[in-house]
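Work out the full structure, taking the sequences as your base and the hints as a guide.
Protein sequence lines correspond, in order, to chains A and B.
Going by my numbering, the first residue of the first sequence is number 1, and it counts up by one from there.
Going by my numbering, the first residue of the second sequence is number 1, and it counts up by one from there.
Please keep in mind that the hints were generated in silico from the structure rather than gathered at the bench.
The hints are all genuine.
Here are some, though not all, of the chain B residues that point toward chain A, as calculated from beta-carbon distances under 7 angstroms:
#	residue
1	A69
2	T71
3	L79
4	T100
5	E112
6	E140
7	P279
For glycine and all other residues, C-beta sits at the position ideal for the given N, C-alpha and C.
2 protein chains.
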Amino acid sequence: MTTEELLARRERLLGVGAALFYEQPLQIVRGEGVWLFDADGNRYLDLYNNVPCVGHANPHVVEAMARQAATLNVHSRYLHEGILDYAERLTALHAAPITTAVFTCTGTEANEVALMMARVATGGRGIITTDAAYHGNSAEVRKLSRLGDRAARELPLDPEVRAIPVPQHYRPIARGLSEAELCERYLAELRTQIDGFRGDGIPFAGMLLCPLLANEGLPDIPRGFMAGAAQIVREAGGLFICDEVQAGFGRSGRWWGYEVMDCVPDIVVMGKPMGNGLPLAGVVARGELVNAFRRETRYFNTFASSPLQAAVGMAVIDVIEQEDLLARVGDVGEYMRTELRAMQDGCEPMADVRGHGLFIGVEWVSDRETEAPDVAGAQAVVEGMKRRGVLMGKAGAHGNVLKMRPPLVFEREHADRFLEAFRETIHEVHARGSA
Amino acid sequence: MTTEELLARRERLLGVGAALFYEQPLQIVRGEGVWLFDADGNRYLDLYNNVPCVGHANPHVVEAMARQAATLNVHSRYLHEGILDYAERLTALHAAPITTAVFTCTGTEANEVALMMARVATGGRGIITTDAAYHGNSAEVRKLSRLGDRAARELPLDPEVRAIPVPQHYRPIARGLSEAELCERYLAELRTQIDGFRGDGIPFAGMLLCPLLANEGLPDIPRGFMAGAAQIVREAGGLFICDEVQAGFGRSGRWWGYEVMDCVPDIVVMGKPMGNGLPLAGVVARGELVNAFRRETRYFNTFASSPLQAAVGMAVIDVIEQEDLLARVGDVGEYMRTELRAMQDGCEPMADVRGHGLFIGVEWVSDRETEAPDVAGAQAVVEGMKRRGVLMGKAGAHGNVLKMRPPLVFEREHADRFLEAFRETIHEVHARGSA
Chain A
1 MTTEELLARR
11 ERLLGVGAAL
21 FYEQPLQIVR
31 GEGVWLFDAD
41 GNRYLDLYNN
51 VPCVGHANPH
61 VVEAMARQAA
71 TLNVHSRYLH
81 EGILDYAERL
91 TALHAAPITT
101 AVFTCTGTEA
111 NEVALMMARV
121 ATGGRGIITT
131 DAAYHGNSAE
141 VRKLSRLGDR
151 AARELPLDPE
161 VRAIPVPQHY
171 RPIARGLSEA
181 ELCERYLAEL
191 RTQIDGFRGD
201 GIPFAGMLLC
211 PLLANEGLPD
221 IPRGFMAGAA
231 QIVREAGGLF
241 ICDEVQAGFG
251 RSGRWWGYEV
261 MDCVPDIVVM
271 GKPMGNGLPL
281 AGVVARGELV
291 NAFRRETRYF
301 NTFASSPLQA
311 AVGMAVIDVI
321 EQEDLLARVG
331 DVGEYMRTEL
341 RAMQDGCEPM
351 ADVRGHGLFI
361 GVEWVSDRET
371 EAPDVAGAQA
381 VVEGMKRRGV
391 LMGKAGAHGN
401 VLKMRPPLVF
411 EREHADRFLE
421 AFRETIHEVH
431 ARGSA
Chain B
1 MTTEELLARR
11 ERLLGVGAAL
21 FYEQPLQIVR
31 GEGVWLFDAD
41 GNRYLDLYNN
51 VPCVGHANPH
61 VVEAMARQAA
71 TLNVHSRYLH
81 EGILDYAERL
91 TALHAAPITT
101 AVFTCTGTEA
111 NEVALMMARV
121 ATGGRGIITT
131 DAAYHGNSAE
141 VRKLSRLGDR
151 AARELPLDPE
161 VRAIPVPQHY
171 RPIARGLSEA
181 ELCERYLAEL
191 RTQIDGFRGD
201 GIPFAGMLLC
211 PLLANEGLPD
221 IPRGFMAGAA
231 QIVREAGGLF
241 ICDEVQAGFG
251 RSGRWWGYEV
261 MDCVPDIVVM
271 GKPMGNGLPL
281 AGVVARGELV
291 NAFRRETRYF
301 NTFASSPLQA
311 AVGMAVIDVI
321 EQEDLLARVG
331 DVGEYMRTEL
341 RAMQDGCEPM
351 ADVRGHGLFI
361 GVEWVSDRET
371 EAPDVAGAQA
381 VVEGMKRRGV
391 LMGKAGAHGN
401 VLKMRPPLVF
411 EREHADRFLE
421 AFRETIHEVH
431 ARGSA
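Encoded structure:
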């Protein structure tokens with residue numbers, strides 16, 4: 001079947017407008033480690049997919065999944081040691097006050113739980129996020145999505161949700177400030193929004209954000225912002241919620257993005273890489289927060305807290321630990337950023353290279369002076385990389401931030417292959433752009 | 001580890017109040033077909049679990065899951081024939097106007113999609129349900145849950161949600177009416193609620209309900225109610241949505257509960273048995289409804305529409321078709337209802353035996369004259385059946401309806417085993433009750 005026939009069939013069966021990547025969409029049929037293969041047998045180095053964190057079709061994970069599915073997979077209203085072992089291992093990876101878990105199937109569901117939990121615990125309703133956030137697809141969680149969700153941009157802001165500008169060094173809210181002053185300016189924005197809730201008579205429940213601000217474009221965040229924000233939120237009676245759906249499970253070279261940011265959240269949301277592709281997500285928090293949530297909501301999720309989720313989640317942690325992936329992620333990521341920064345001199349559009357571990361962002365601009373986002377140029381890089389057999393994406397409020405986010409089993413030899421293709425591509429795109 | 005130690009560990013790791021079945025919870029370690037096994041090696045005949053519809057640990061499903069997980073499991077922004085093949089096969093099982101699918105991971109997510117779809121298509125907001133419904137655990141879907149969700153009973157009714165009384169022959173809204181008159185009385189309740197929205201200036205979006213009213217206690221519904229309700233809803237500009245999360249996939253002896261009810265919904269929600277335990281759910285509808293939904297929301301779900309969901313969903317349909325389960329479900333279910341009805345004479349509390357296919361409800365009352373629900377008695381039956389190695393549950397607005405809902409691979413010999421244990425148990429419970 002040709003791509004055109006497949007596309008027509010897809011529109012008929014899944015509807016018009018189900019999102020696809022690339023001008024000529026890829027038909028991927030097989031995956032292995034950091035590689036994806038299309039229907040014509042072409043091989044692509046994957047710097048896009050964070051969900052298969054321990055590699056596409058990881059045999060240890062597949063074996064754990066098959067073994068558990070062949071043994072038992074039921075809901076959580078019977079006792080099962082597997083889910084307790086997993087909850088114990090997972091919470092032990094978190095900061096000390098965090099002891100207790102609520103499992104769900106998707107990050108959206110986990111953010112639903114986090115919002116309910118914060119609202120139950122505080123008696124408040126108001127939630128603060130950033131003005132370029134995206135946290136999921138349910139009616140309630142979509143209220144938190146602004147620029148990160150193009151469809152939501154046109155919706156009126158819900159009265160229970162307020163947003164602060166994205167805290168960042170590049171395109172900062174004010175110029176010529178020291179790092180400490182810039183941080184303070186963003187924290188002042190947070191105080192303003194909390195005061196706004198107070199003024200409107202909406203009791204404050206908390207702040208929810210990705211500790212690395214992934215959808216916001218992975219900015220360099222002024223040092224101290226996250227810890228300062230957590231303190232301000234708590235002083236105002238709210239809870240500080242980190243959405244680690246993208247940042248967590250070793251992506252940054254640490255287990256959790258909040259560790260990189262030197263803060264400890266009250267509630268942590270996890271998802272995407274947690275089951276290497278099996279729908280597995282969840283929330284961890286202090287016991288009393290989970291207890292209050294369960295008492296109030298009697299939350300039950302048919303497919304969650306299952307023996308299958310537990311077995312697969314365990315296997316993912318096994319591989320991350322046994323292959324010492326955190327150290328490798330830190331090394332390879334740092335190497336890539338160093339090499340990318342060395343390309344900036346010869347490439348005007350590469351205005352800013354940043355990130356943590358194997359989560360790398362590159363601002364692609366049409367003019368470094370005006371910092372004007374070049375979305376078309378960024379898209380041309382993504383398409384050029386695809387032609388060279390490398391998959392990557394874009395992110396950020398303007399959609400002009402090149403995003404590299406490979407499976408965590410990405411090695412230095414893969415980085416070199418990426419860098420070679422990237423050098424060729426930016427030369428081509430930049431030359432075309434300035435011609 | 002003793003049950004007490006496990007319980008303490010569970011409260012610490014999953015929180016206090018995570019729901020468990022039975023006075024002494026079961027520790028289930030293995031499943032096979034219609035059987036579950038506890039940690040002490042005891043075997044239980046499963047008449048509770050509808051999710052593993054083709055049997056616990058079905059080898060065909062496990063093999064499909066393992067094979068696909070070892071090959072490819074990525075998100076849906078690449079083309080993949082597997083998900084199109086599955087969407088084609090699934091929509092072909094539905095009534096003719098239904099052509100197009102939106103996949104999700106859970107029934108809650110599918111109901112979120114259905115609500116958004118109905119609201120986008122109609123421009124309305126108001127949704128009608130029953131006063132004993134339960135449709136899921138997200139903030140938006142919880143608004144539809146009344147008696148079906150004990151925690152939600154205390155919440156104020158959302159202005160965008162209205163409920164009608166459960167249409168039923170047992171405990172009817174008025175006595176001494178013909179079937180047609182009773183049906184008309186319930187339809188009048190629906191018209192009243194639609195008028196109520198109009199009066200409050202809330203544009204009407206539609207009605208969402210389980211075609212078998214499973215959480216409502218699986219009542220005998222006055223003939224013609226569902227088709228009549230669908231017509232009234234459409235005439236008022238709304239859409240008629242069937243939540244087939246419990247009723248679908250052969251449970252009733254037909255593929256879909258709406259077939260038993262002689263109506264064709266505009267939007268169908270599916271879940272639980274769809275992936276035999278893999279998180280897989282979704283919505284099907286006419287193409288133009290899905291297109292409008294996608295255009296408006298740009299809906300994307302990371303783990304859904306995946307090659308893994310497709311492979312497992314296909315395997316479930318394979319087994320249902322290859323083992324001719326629909327016919328068997330109809331036969332065995334009818335046999336069980338006949339045998340249960342034969343027990344009613346000698347057992348005052350068994351006031352009403354009803355259901356469709358392998359979904360059976362028995363009203364357990366303290367007095368047939370007053371029809372007073374006997375929740376404690378029903379619970380005693382459930383516990384007594386457990387002691388005899390049979391698992392079943394309770395449902396309904398009052399929690400007094402005994403619920404039998406085994407995997408679809410349940411055979412006549414299993415039915416006989418169940419009936420024997422049931423005879424002993426009701427004798428014991430009834431004798432105790434009248435002593």
